Structure formats: structure tokens, C-alpha cells
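> Letter by letter, the chains look like this.
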Amino acid sequence: MTGAPPRIVLAKLGFDGHDRGLKIVARILRDAGMEVVYLGLRQTPEGVAAVAEQEDADAVGISMHNASHLTLGPAMVEALRALGLATPVVVGGIVPADDAETLRAAGVAAVLGPGASAPEVVAAVRRVAVPDDG
Amino acid sequence: MSPSPSPGPAALLRVARGGDRRAVARLITLVERGGDTALEIAGLLPAADDAGHVIGITGAPGAGKSSLTGRLLACLADAGRTPAVLAVDPSSPLTGGAILGDRVRMDGFAAGAFVRSMATRGQQGGLAFAVPATTRLLAHLGFDPVIVETTGVGQVEVDIASAADTTVLVTSPGWGDAVQANKAGLLELADVLVVNKADRPGARDARRDLELMLDLGHISGLEARAGRRPEIVLTVATTGDGVPELLAAADAHRASLAAGDGLVARRRRGRRLELAATLERSLRALVDTAMDTPAGRRVLADVEAGTMSPADACAVLLAGMGPQPPRGA
Amino acid sequence: MAPEADEGTDTRAWREAYRRAPLREVPFETMSGVPLEPVYGGSPLPGRFPYTRGVHASMYRSRLWTMRMFAGFGGAADTNLRFRELLAAGGTGLSTAFDMPTLMGADSDDPRSRGEVGRAGVAVDTLADVEELYAGIDLGSVSTSMTVNGPAPVLFAMYIAAAERSGVARADLSGTIQNDILKEYQAQKEFIFPPRESVRLVTDMIAFTTAQMPRWNPVSISGYHIREAGSTAVQELAFTLANGFAYVEAEIAAGLEVDAFAPRLSFFFNCHNDFFEEICKLRAARRIWARWMRDRYGAADERSLLCRFHTQTAGVSLTAAQPEVNIARVAIQALAAVLGGTQSLHTDAFDEALALPTDRAARIALRTQQVIAHETGVTNVADPLGGSDYVEWLTDELERLAGEVFDHLLELGGGSILEGVYAGIEDGYFVGEIADAAYRFEREVNAGRRIIVGVNAFTEGNDEQVRDTLRIDPEVERCQLARLAAVRSARDGAAVERCLREVGACAADPARNIMPPLIDAVTALATEGEIVATLAAVLGTHVERIVV
Ligand SMILES: Nc1nc2c(ncn2[C@@H]2O[C@H](COP(=O)(O)OP(=O)(O)OP(=O)(O)O)[C@@H](O)[C@H]2O)c(=O)[nH]1
Ligand SMILES: [Mg+2]
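For the protein sequence lines, the chains are A, Y and X, in the order given.
For the first sequence, this note's numbering begins at 158 and goes up steadily by one.
For the second sequence, this note's numbering begins at -6 and goes up steadily by one.
For the third sequence, this note's numbering begins at 2 and goes up steadily by one.
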């Protein structure tokens, strides 16, 4: 069947409490017709992966502003793979350009820098989150 | 790009019966999308399965439905049971998108439980269309109970009473919840009444108000229709106080239904309403298809121009549709 | 409302206050040598009720604002080194930033802390870390500011214990601890316990410092983070002052006299890009606070009426595109803060949208303040914009709009701002309002109705990347874990147990003040995480209602 909205799990990993960006992204994706499972603050990679499994998510989006993306970004990918999930991971927030390369090499599907516009966010998520029609 | 071929519904169901959570999640996605695959899955389930217990949790926004559900999950885990939750939130009528935020309050307690968020996708009444089919699937897979949290959009949430064996209405003190619920006719649907936020001033008053309204219902014959006076439970979802009592009340309600013919009657009613909803949805799909043809657009233009009456147009369109095979909406 | 002082009295009182004020040794004249009056226009004058025009009669002629810069990174020893450098260079105030695990009450060896130890600030687990942090510094002669909220009483206990073990009495300590828990539920989200229980800890700390530490500011009521979360200026103004009123009501309910504690309350505002709105917001804040404190809470001591505040430029306004342009934004925002009469100022480094600031960027930020202070002449005359029809109108209008929010909260709280704030937290009012504002702004930017230079216009040159950003060595985390393990194994476990039990018992009894058992517990080397877990077992924890 076509037309099923993509289902995206959004979360913030780690302790940092800046959720303005994540909330805006949640609304942007909703307004682009997607279903957003919003987990908000203080999630762990393992917890988010378990949710992605139960929600049959088409993508996982994580936002980070605490300079720990190089630890937690790859940890998110690993946590999903450990459950046997191929779910693509999108990382957003304060990520310097050099680190974006490193993250991609670690299996992150897309990296959205601090200045990403709404259309860029939607396009990136659409590109990676293809609801499979099995 | 060709994704690896996914297993078909029958295979998925087999794996899911063996406890594979990914397969359960996938099946729900397929049920939710509807269409032939959803019909196929429905066909794989036993037709009249009276196992399981579907508990509906409804109430005004912010009453504490999600927090309570989370605490119920903890209680159920302690009792060695394996519950599932369907948490329903509204889709945006404009874009079809949704933000599903209920499970955050449950995840801390949900070890071992299966929690799934679901958007209403255009369905009115606080439930998603796929809820009955999904609860049936989950109950069949051995999840017990299956808890459904409705949207809390503040509108009359009648659907839940037909989709659940036990309907729990959550109110909180001091906000006129009980009065609102009564006005909206929700008291008539509730099998268990909860005064949550009992740590707040006014909880006792709220309980008294509910008792009073039930007394009036007794006089008006409501209780006779419902068969049983709903129990009132005071809870504090933030600490878990009263939640074991809530679970006991829900279980007792299920037991009392099963003791008589209540359960059978409810599930019959549920299926009846599900049929009506499915029919409505299929008809709507037919109408949309018919309107999206050259003939349909011509008729529409005539009606808009005022050269054809809506009644005549309707007759023309209906005649054009003819009999169609049933489709899963 | 009592009548405001008549023109003649007001002017006489101002003149007297100005005469008594010490003045800086600089010429108060324009670059051309035109001599200037200390203030222009009539009543109300600066330093006079309702303080719209400033909290002092002479404003910056007597003393410039404090130019505060943050330090805190890596382990305690690294930060200690930086502190000593700052003091050697003539600084008198230290500002301590903690890392995220510390701010959330988690020890460095908590699995949730992985990757965050020593990153955004200094890592503190036990008293041993705090002693190292301030080693060789005379805590009786410097003023310290600590940015911490959720676990504030624990960190505060460590500070007191460290000072007393170094021979400085608690009564001689001076400084500020942010300790503004209400805005955490509304914006920054660094909460641990539920709102009411947290406010009880805040009132305990205020009661404790009021009785024993007269030079300490026990709470800095912060709009900064509300704004950073995406609020409007009006929301920042209204929510912050409402939080201030809420603490006042909580303290009065706990039995304190308003004039006993109110003089020690201070504020922390944001300064964003809309130049005049920011200036008027700060003017309105002073006026509203003074009126409410006098008329609603019955404060009589003039110091209780003063809304004194620290200001920081808007981190959220900094762009990753063409980051050097941020230097201009920060300069304009800082100028607005000064024209708004701030008592202290932090200017952001231009590269903060990318990562932790580099030394060079932090220095430019400080130089920006120095240019405003010493080159622009804006310090010569108090409230130089006061009397402009536009500025006075906008000040009135912001006060009116904030009043609508107060009315709403009073209604939610049945006549109590404190209860209204609790209700607003619980039903998601604050986060919902802020999220709406943030999204509206974002959409305006995306639709091009609002121009952000370098982001949705004037983007030529955007692909230059700033690569020179500060990185924290992962070794820091390993070292801190080793330190913590050493402390755990060397301490008297039974004493720790005993002290933690006492903390739990005290937490369970709202009639007791939490500070004394906390000081005992940290002295016995209980870790921050252990103490916070003990408190959480009694007070509970908070999960917010999701309002996106
Ligand atoms: N004091 C107190 N607060 C509670 C209690 N139960 C829930 N809350 C608070 O009430 C708010 C709403 O709780 P939720 O569980 O999200 O309510 P809900 O009914 O699921 O809300 P929606 O799904 O948004 O309609 C939260 O801030 C909870 O912390 C309770 O028993 N006592
Ligand atoms: Mg809910």
C-alpha cells in the first residue's frame, strides 16, 4: 500500500536539556505529514532502539548539543543493529563538519547541522525513511 | 534499490507467536495500513476469540492516562503478566501527520511490555480505525491485558467503550472533570471510575461528586442498563498509590463480565460497531474513487454551477458505482 | 497602589543619592568635550521607585557592570588552574560551570554519564573534587557563582564544607548559586525531583542562607533559559517574574519575613536581537518587580524592591553560517543590555553555535564589553533612552502584556502565583507557549518573512567553515573515573551509610532544613549521585508531560 506516513522516532540522547530544536523538528515532520513518536529528553541508545523496534520505525532522529555526538551517534547505530534493525539514524544539532564525516563512516544515514532549514530537514528524513511496503 | 523481500503475513504471524517483537511490530504496521494485507491477517486469526482482556483508558487531556498506564504496566509485570499498550494520539486533519507522545511516561515502567503508538489517521472519536483489529491481534499473541489509551482530545470518546471489555474513565480533582464527563455521557460508558491526582486537594469532593452522579444514574435506570455500578478508585499516578486497586477493579470487571453473558454481549457489540465503521470507510473510499473519474468531475462541476441538483447528482453517481467487491478500508 | 513620589521629592532624593555615590575617575563628557549631566528627563529618576530607569542613582558613573566569563571544563584541576589565572589577572569573581552529569545529579561512573564527563563544564562527584576545584583560593575573599539547579543543595553543601575545611566560616562566603528550579520545568529541563518537592529544597536553601550566610545570593531567577528555549521577550519577562513571585510566596508560606530574604533575590535575563524590545523588557522588569514587591508582598526595605540582574547575550541567536557575523550580533545585544541597565554581563563567543568556545573567541567576547564600557560613551548618562516616546510606550506595553500572563497564572492558581506556576508546569502551559513561539519564529524564517543574515539571505560566503573549535580530551573522563574510584574505596562506608539515612529522614520531614544533613553527608564523602538518589527515593522524580 502506498501513502502510509513515514514513522519517525525522535529523541535526545544524554543529559543535555536543549529540546527546542527537537521540538521544532517534530512539528516540521508532523506538518510534512509524518508520524513522529516523540521521546524527548534523556534517552539512552538502547532505550531508543527498543522503541524503534516496537514502533516499527522508518527512521530514528537524535539531536545533540553536548559535544558527545561522537560517542552517542555511533552508539545509537550499534544499539539498533544489536536488535537486528536496519533503521536509518539521522543526527542533528551542533555537529562540526569534520565530525559529520566520522558519523557517516560509523553508519549514520544523515547529519543535519545547526543551520538546517525546514525543507532540508524534511528532505533528509524523507530520503532515508522509506516505509517499506512488505 | 530493492529491499530484501519481507516475509508474508502468515510467516510473520508464526514468528510473532514465537515471541519475536519485530514481527509483532511489523504486523501492527500492516494492520494499520489496511487493505488486502490487513484482511489477510484478520483472516489468519480465530474468528470468535474470547480470550484476553482489552482495557480502555479514557479521560480529559492531562488527567493522567499515560502516567496511570505506566504504573499499571509496573503492577502487571510484578504479577508476572505480559501486557501490551496501544497509545492513540490525534493525527493533524490538515497534513495527516501526528506527534505521538504518550509512551514517554510509560517507558520507565514498561520492561517486558509491548507499547505501540498509533495515530488516529482521520478517524473521529479518539481512537484509530485499526484499534480493534490491533487489539485482537495482540490478545491473540498472548498479551494480557491489552491497554488502549485514547487521545484525550476532550471530545466524546464513545468508541472506546465498544473497542474495550473494560472502560476506565480517568478524572482529576478540581477541574470539573467529573461534571464534564457526566454531561458528555461518559459516565454511562465507564466500567471503572478513577479520581487520579488524589494527592491534590479536592480528591474526596471529586469522589463524592461521582458517587452522587452514580446515585442519580441509579434512579434513572442507568445502573440497570450497565448491569453493574462502576467502582470508584482514587489513584496517584506519580507515586503509584491506588494503582493495584485500579488493576483489581478492572480485573474484577472482566471476571464479572465473563461470569454472565456480558463479555459475549460486549464483543458482539464491538464487532457490530466495527462493521459499521468498516462499511463507512469502504463506502467513503468508493465515493472518493467515483468522484475522481471524468464522469465524477463532470457531475461535480454541474452541481457547483447549479445546473444539476445534489440529489440528481447523487443518483447518477450511485448508479455509476454498481456493486463492488468488499475491500479492507 | 500607593501614589508615586511627587516630582520635587523624587528629584531631591535622587540628587542626594547621586551626591553620596562614589564616581569613577573619568571625564563624563562627549568625545568633543561636551560636559554631560548624569541623567536627563524628569521623574521617576534612576534609583527611585519604581526603578524603571535603573537601580542606582548614578548607574555606571559609579561602577561599570561586572564582566563575567564562565570557566569550567575537564577535571577539577584544569578548572582550578584557569581560576588562578583569572584571579592573578585581577578578577575578583569566579563563575563555575559544571558538566551535564553533575548538573543532573549523576556520578561520573553512572552509565548515563558516558561521553559527557568533563565536557560542558567541570566534573564534580565528591567533596574531594570541590576542594581541588578551589584549592589555593581564599574563598573568604572571592565571590563565586555556581550554575547548578536540580542538585543545587548538594553542590552548595560541598562548597560550604570545602570552605570550612579550609578555615573560612560560612558566614564569610559570598556568591550566587543559580538554584532556580522552576524555569527548569519550563525551559532548561535540568530537573530531578517533582516541582513542589524541589521548591521545598529551594526554600530550605533560602532560609539557610538568610539565617547563616548573609553575603550569599541563594537563587538567581533566570529568564535566560526560557528565552533560549524559544520564548518571546514578553514570555521571558512574564514567566521569569512569575517564578520570582512564586519563590516569594513559597518563602512567605514557610514563615519568613519578606524583607529578610527578598534583598538577596537576583535575576538573570537574556538579551536578543530586537534592540528596543530588549531594552524595554529590562526596564519593565524593574518596574513590575518593584510594584509587586511593595504592593502585593508588602516589602518595605528598598533593597527588596530592586530587580538586580545579570544579562547574557542570546546564544540561540548565533548562527553556524558565517560565524564571524555573530560578533556583530553579540555587540548589539550587549549594548542593549547596558542601555537596559544590567548589573553584570556575559557576552557569548562567536563560535558557540559550533562547539565550546575557543580562547580567541572568548577573548573577543570580553573585548566587546570593554569597547562598550570604555569607548562608546554610553556609560556617561543613566538610562539615556528614557523619555523617548517610543521607549516609554514599549516599556508600558510589555508591562501590560506580562500582566496578562500574571492574570492567567493567578486564575490557574486560584489567586496564588505559586500554585498557578505549579499548575502551568503540570498541564504543560509554559512548555506549550514556548514551543509555539519557537515554531512560529522558525516558520517565519523558513518562509523568508524574517531575515537572518547568512541563513536565509545574504548567504554568499557561507561555505567557509570554522574548524578551530575546542575539543575535550577523552582522557578527562578516564581520570575522573579513577579519582572517584579512589575516593569510594578510601572513605568510611559505614559513616556514609549513616549520613545518607539521615539525609533521607530529613527529606521526609518538611519541617526540617535539608542543608545540615547534606553538609554532614558530603563531609563523609558521600557522592553527589548517592545523595541525589537518596533524596529521589523520598521526594520522587519528575517526568514532564510532553507538549511539543
Ligand atoms: N500531582 C499529580 N500529578 C499527576 C498525577 N498523575 C499525572 N500527573 C501529572 O499530570 C500531567 C499529565 O499526565 P499524563 O499522564 O501525561 O496525562 P494524560 O492524560 O496521558 O495526558 P494526554 O495524553 O496529554 O491527554 C503530568 O504532568 C503528570 O506528572 C497524580 O496522580 N498526581
Ligand atoms: Mg497521555
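Misleading hints may appear alongside valid ones.
Where chain A lies over chain Y, by a calculated footprint (3+ residues, C-beta under 8 Å) [claimed, not checked]:
#: 1; segment: 9 to 20
#: 2; segment: 95 to 102
#: 3; segment: 106 to 113
Since the hints were made in silico from the structure, they are not lab data.
Given the structure is predicted, the values throughout are model-derived calculations rather than measurements.
We treat Cβ as the ideally placed atom computed from N, Cα and C, and that holds for glycine.
> Of the hints given before, which are not true for this structure?
none
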